[in-house]
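Construct the complete structure from the given sequences, taking the supplied hints into account.
The residues making up each chain are set out below.
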Amino acid sequence: MPFSQGTGWNVTAACIEPLYNLMVGAAEIVLTIDLPYVDQRQVKLACPADDVLEIHAETTRKITFEDLGIKHRHGEFTCYHARIRTPVPVDETNIKTRFKRGVLEVHVARLK
Amino acid sequence: MGNGWISMSKRLSETDGFRIVETGPIPKKAVMINGLPDVGLVGLLASSHIITSLGLEEVGSLESELLPPMIVLHGGVPKSPVRLFANSSLIVLISETAIPVSLLRPLANDLVGWAQKNGTQLMLSLGGMAVANRQDIDTPKVFAAISEKRLESRLNGAAEILEEGYIVGAYGLLLRKCTESAIPAIALLTQAYYNHPDPEAAAAALTAVNKILELKVDVSELLKKGEEIRLRSKDMMHRTQEEMLKMNKMHEYDLPPLYG
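Protein chains in written order, with our numbering: chain A, 1125 to 1236; chain B, 16 to 275.
Derived by calculation from the structure, the hints in this document are not laboratory data. Each residue gets a CB set at the ideal place from its N, CA and C atoms; glycine is no exception. Just so you know, not all the hints are guaranteed correct.
As the list claims (entries may be wrong) - A few chain A residues that don't get close to chain B, going by computed Cβ distances all over 10 angstroms:
#1 Val1135
#2 Cys1139
#3 Thr1156
#4 Val1167
#5 Leu1169
#6 Asp1191
#7 Cys1203
#8 Pro1211
#9 Leu1235
Said to hold, decoys possible - Distance condition first, Cα-Cα at most 30 angstroms in a straight line; then the derived DSBU-like pairs of lysine-lysine:
#10 A:Lys1195 to B:Lys240
#11 B:Lys164 to B:Lys132
#12 B:Lys164 to B:Lys43
#13 B:Lys43 to A:Lys1195
#14 A:Lys1186 to B:Lys132
#15 A:Lys1220 to B:Lys156
Claimed, not checked - Non-contacting residues of chain A with respect to chain B, defined by C-beta distances greater than 10 angstroms in every case (computed):
#16 Ala1206
#17 Lys1224
#18 Ala1233
Written out as structure tokens, the structure is:
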């Protein structure tokens, strides 16, 4: 088993996997993603397949383990990245987003 | 044969539950605040802030052979992840690990037994209430489930009474056990993101605690350091979410079928 830096901290790619929550409704799925230290202009959202959403966001500043009070691990992070598989197919042409208080909310229509 | 059975059941009860180890003075007739990790980590964030702001001393820990085999280092010193802090009138319980679902009932039983022994005057549990439209809410609302009707006046208008519904997890069990043991108990549940650490909800919860207990804990630091707190608590939230799934926390959205 490869050595990992814990849940969602990819030192090699300088990327953090964000926390997200996915709710499936009758007509749409709603995804919320927690993105502290992100400006909404830096958020990129893609739909590479009809059951995958990909989020990438640069952080407004470099974040190190030391900033978070951890001195025995080394690593700095400059972005968030998540590839999220949706439980139902979604319509990539019908996506609405809003960003408030560092939380991205994504509404994607389900494919009919 | 008879003796064998007795010693076996004794051993089982010792390893099934929690041992509360007191390492400092425990105030009698105190208010006990519980900050266990759940929805939005509201209780843990709010309680940790109370400990820091009021400079509470560490006075004990909860040990169980059934907890994950881990310690947490603070200032280079190994500690139990479930600890008690206190001053002369307040005891605060926090857990820096998600409590496994199978341990919630023993936790509620042992904690209430210990609280009863110390003449605890009020059990105040702080938690989150997941709301789907959290993005639209600027000031999260605080709801209260109470162990007895007369506690309504104690809320001092800080929270709205929860009349119907389910409470899944440690706080529901604590409330029930406190009712049985005649310890006044309030569970304060604040609107929050389900699985994003929510310092704003923690600040709203603390504002309610300030009003109920007539404290003056400054919540501005919680809001100012919101982004840092959210990132630092990311992994804890992730572990907590795994336990919330196991306990079927979303059951709280269901309507209770009976009335009257």
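Hints and how they fare:
Distance check on Val1135 (chain A): its Cβ is at least 15 angstroms (rounded) from any Cβ of chain B, clearing the 10 angstroms threshold; non-interface status holds. Residue-level check passed: Cys1139 (chain A) sits 13 angstroms from the nearest beta carbon of chain B, beyond 10 angstroms. A beta-carbon of chain B is positioned within 10 angstroms of the beta-carbon of Thr1156 (chain A); the least distance is around 7 angstroms. No beta-carbon of chain B comes within 10 angstroms of the beta-carbon of Val1167 (chain A); the shortest separation is about 15 angstroms.
Distance check on Leu1169 (chain A): its Cβ is at least 16 angstroms (rounded) from any Cβ of chain B, clearing the 10 angstroms threshold; non-interface status holds. With 10 angstroms as the threshold on Cβ separation, the claim that Asp1191 (chain A) sits away from chain B is violated: the shortest Cβ distance comes to roughly 8 angstroms. Every Cβ of chain B is farther than 10 angstroms from the Cβ of Cys1203 (chain A); the closest lies at roughly 13 angstroms, confirming the non-interface assignment. Every CB of chain B lies more than 10 angstroms from the CB of Pro1211 (chain A), the least distance being 15 angstroms, so the non-interface label holds.
For Leu1235 (chain A), the condition that its CB be more than 10 angstroms from all CB atoms of chain B holds, with the nearest at approximately 22 angstroms. The hinted pair formed by Lys1195 (chain A) and Lys240 (chain B) meets the criterion: a straight-line CA distance of about 20 angstroms does not exceed 30 angstroms. Proximity of Lys164 (chain B) to Lys132 (chain B) is assessed by CA-CA distance (about 24 angstroms); at most 30 angstroms being required, the pair is judged to hold. Distance restraint check for Lys164 (chain B) and Lys43 (chain B): the Cα-Cα separation of roughly 24 angstroms lies within the 30 angstroms cut-off, and the hinted pair is therefore satisfied.
For the hint pairing Lys43 (chain B) with Lys1195 (chain A), the CA-to-CA distance comes to about 39 angstroms; that exceeds 30 angstroms, so the pair is violated. Restraint check for Lys1186 (chain A) and Lys132 (chain B): not satisfied, since their Cα atoms lie roughly 50 angstroms apart, outside the 30 angstroms limit. Proposed proximity of Lys1220 (chain A) and Lys156 (chain B) is supported: the alpha carbons are some 27 angstroms apart, at most 30 angstroms. With a least CB separation of 12 angstroms from chain B, Ala1206 (chain A) remains clear of the 10 angstroms interface cut-off, as annotated.
At roughly 5 angstroms from the closest C-beta of chain B, the C-beta of Lys1224 (chain A) falls inside 10 angstroms, breaking its exclusion from the interface. Remark: the non-interface label on Ala1233 (chain A) is consistent with the geometry, its nearest Cβ contact in chain B lying 17 angstroms away (cut-off 10 angstroms).
Violated hints, in rising order: 3, 6, 13, 14, 17; the structure is consistent with all others.
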